[in-house]
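If you want the building blocks of each chain, they are given just below.
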Amino acid sequence: MKSKTGIMKVKDNFDIWDFVQKNSIWLIFVICIVFFSIMTPNFLRVRNITNIFLQSSFIGIMSIGMTYLMIDGNFDLSMGSIMALSAVLVIGFMDYGIPVAVLLSLLAGSAIGALNGLFVTKAGINAFIVTLGSMLGVRGLVYIYTGERALVSSELAFSEISAASVGPIPLPVLIFLIMLILGELVLRYTSHGRGCYAIGGNYEAAVNAGIKVDKHIIINFILAGFTAALAGILMASRMNAATPTLGMEDHMIVITAVVLGGTKLDGGFGNLIRTLGGVLVIGMIRNGMNLLNVHSYVNMLIMGLILISVVYMDQKFDPLEE
Amino acid sequence: MGSSVKTESNLKDSSSKKINFAEIIKRHGILFVFLLMIIGISLRTDSFLTQNNMLLVLRQVSVKGIIACGMTYMLIGGEFDLSVGSLVSLTAVLVIDFHDILGPFAAIIIAILAGISVGAFNGFLVGFLKLNSLIVTFGMLFVIQALTLLYTGGQYVSVSNQGATWFSIIGRGFIFGIPIPVIIFGIILIIFGVVLSKTVYGRYLYSVGGNPIASKFSGIPKTYITFSTFIITGLTAAIGGIILGSRLMSAQNYLGQGYEFDIITAVVLGGTSLFGGSGSIPKTLIGVLILGFLSNGFIMMGFPYYVQWVVQWAILIGAVWMDVASKRGKILA
Amino acid sequence: MKKRFITVILCLTLVFVLVGCGSSGDEAAPDIDEVVIGITNNNVGIDSYQTTHYETFREEAEELGVETVRLDATGDPALQVNQIEDLIQQQVDVIVVWPVSGDAIVPAVRNANQQGIPVLIANSPIDESGFELVEGFAGPDNLTQGKYAAQMMKEALDGEGKVVELMGLPGYVTAHQRSDGFNEEVENYSGIEVIETQPADWDRSRAQEVMEDFLTKFPSGQIDGVYAADDNIAMGAINALEEAGRLDEVKITSATMFGDGYDAMKEGKIYGTIYQSPVEDARKTVQTAVRIATGEEVEFFNYFDTPKVTLDNIDEYERPIW
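Chains as they are written, first to last, in the working numbering: chain A, 10 to 331; chain B, 104 to 436; chain C, 121 to 442.
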């Protein structure tokens, strides 16, 4: 509360409602921190904060790909399945050495992404249908490949990847943050970034302006597949195993995080810093609920209500109306 | 089944009228997929193409089929409803739980009212508040599932004295050898088909989904049309839940989980566009039958269901690709 | 831009202030008498067994006067890993894990082990590589239950016949163990053959559909027995069999009794099942956990009794409330 009034004094003609709308994700962020730290003393320990970052980094890495996709007006329901596929592949190919296995499963993830992208752009099929198909189909491949069972890595060095840390920062978090910053720079300062905003903002205008829409969209689908694969590999390393049921609902958690961050569902607006806010809020809620010992049914109810209110905010807030 | 046979005979008629073959493939591509699939599976297993099995599949698809009728309206109107799966669990749990308290008739009424109210709430969010239906109904999926779990406390509910009630007839009974769920499905197909193709409501629906701006200028109340499609879908989900509850005479909290994707796949396979404005009930029937026979056929051939998912992926992409390609007149966009 | 910058700064300040508060709180002296048990469940609400287990766990803990933190992984192995870490954060005295996947939790359990928090595995086993990391296992022996079901099937069919199997949800340890136990035992009997296996996902409607398809595929006389992973699946199969009028020609055994199955057995529809009580399961687990927390030595395997039930001895048992 103090912070708001403080700013108001700095600037007289400051519209508080406008401010709340533009920075809603950071306000929610603060509210979450205050709420959970009052409710549970363990919440704000340094170790738990590291923990929240670590837990969020897998969803976070995927949300980078998803943010790009949603900015150009598409989305991907198959990310959870791609994540599972790359997780089982990286364990399955462990005998050929870690680098080969990692590379292969990154390739596989990107390939599925490329396939999605081609179906959307070249065949002209709606992204919902394309990724609904691959969500089921890739999950089927995962079950077939694993024979329904969990695969376990014999290579202990592999599990070191997720367990490693640079200073106090766990490696998955570091990878997430570096990718986030790189991604934000690309989004702001390259022609690909500008292309994404243009396509999502007004598809026809982008086509008329000579922007290679298909290329940008395919790149984003590949990016979505790649980030899902990366998250899958790190997750497999974290568990030193991969189960075929991995990431069943992750695509929706990722979409929630991205939309919560303020990326418009219709595309054309959003950035990765806001997505970071969305990811961290989801991570805090999931962690805080666990610390608070909330029953999973109530947890489910809360996640549902959050989604609905997020869409409400998305609808009420039109950033392009300045 | 009746109307699919009709469509097949239409096809024969039109080919005898010397319409070029490529045109037919383009227009009725999904029928060929369907026939190829049936032939393919029946070559692999003997018991597939039997009258018993056909009736069996019809009954197995009837619940999803009924909801698919509502979903067809929904997609024609240009919106989604992903919450139907958990609405099936909620209504099934309600009908079973109230059966022992208030008797079967009242229980059915309560379940239908619940379906309509949830539909109306969805419709309010999407129709009046203009929220994105995809994400909102996905949020509702969680909310309804959580309500179901909180209502039952996570336990099964079942009808205690199953011999002493007529309730099981809805799901298990037969009239002239035809299962009652199939008959209900058939009636709903006819009503939905007629309303869609012959009434003002149907025209409004196509117009709202196909060209929202033009329909706004011609004074069609988009808000109310959207609202109504959610109520209709909620109603079909409730009917589905009641039939399932009656089939099982019990209900589980996660009954119907994942139905939404099968149902949307079925409707889309039938050629209903996700952008709204096109689609028809007979085509939805074909889509529903494809999924039903695929699932049944794969069990007949001894494959676990996830193998079917991979094939479903290919069929979905193939069918929709064919559909959009024929509309724009070339293979690639 | 400036506004956003200020917001971020304010947020960060708030975080650090609150971190200060949080870390000063944890120096409060821990009450030695007060044992806190943390549990991460598999998927509460998916069946009555898990729900009853969840409730009994709370009741039993209250009775013994220990505090509990009860979490639910909702069937997601990655979420379970997070929850184990959240429990480590809370410095509970013992962590009980009901594994979604016995393989994927090993590294998280190792982490708990390194932090000096003992881990008890409940209901479904951890992978053997995790044996040295845990204090023990409390729960039923699902492998043996599968074997019992096979033995009863042999009795029912007089050692000769063709059996179809309806499994639980693929990817879940319990589902695979019950299947493995049954199939291993059946291999010893030359006369009994499992002709087909399909997943029924612990779902009655799914079981009914699969059974309907089986009945069409295998005409009268070709199926002599049905093995269901639990009574819920068995009830689905019975519905299908009754409708086809073939219930008389088929013997049914299942690996766990539920309330509906009890009634069905009394009507002679189920030949044999196993009495696995979630109440006993939860009690045994709480008791073992408390003993671990208070420093007592415990046996590694703490199985509770899961006897065979047929019509001959059913009256010795009460109708299950789950």
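If you're looking for bench data, these hints aren't it; they were derived computationally from the structure.
Computed from a prediction, not measured in an experiment: that's the story for all the values here.
Glycine is no exception: its CB is placed at the ideal position from the N, C-alpha and C atoms.
Treat the hints loosely; a few may be bogus.
What the hints assert, rightly or not - Reference listing, derived: stretches of chain A covered by chain C, where coverage requires no fewer than 3 residues with Cβ under 8 Å from a Cβ of chain C: (1) 179-189; (2) 241-252; (3) 295-301.
As the list claims (entries may be wrong) - Computed far set for chain A versus chain B, every beta-carbon distance over 10 Å: (4) LEU36; (5) ILE134; (6) ASN135; (7) VAL319.
Quick rundown of the hints versus the structure:
1. 179-189: violated (count 0)
2. 241-252: It holds, with 7 qualifying residues against the three required.
3. 295-301: holds (count 4)
4. LEU36: 20 Å, holds
5. ILE134: 5 Å, violated
6. ASN135: 5 Å, violated
7. VAL319: Per Cβ check, VAL319/A is inside 10 Å of chain B; nearest 7 Å; violated.
Violated hints for the displayed structure, listed by number in ascending order: 1, 5, 6, 7.
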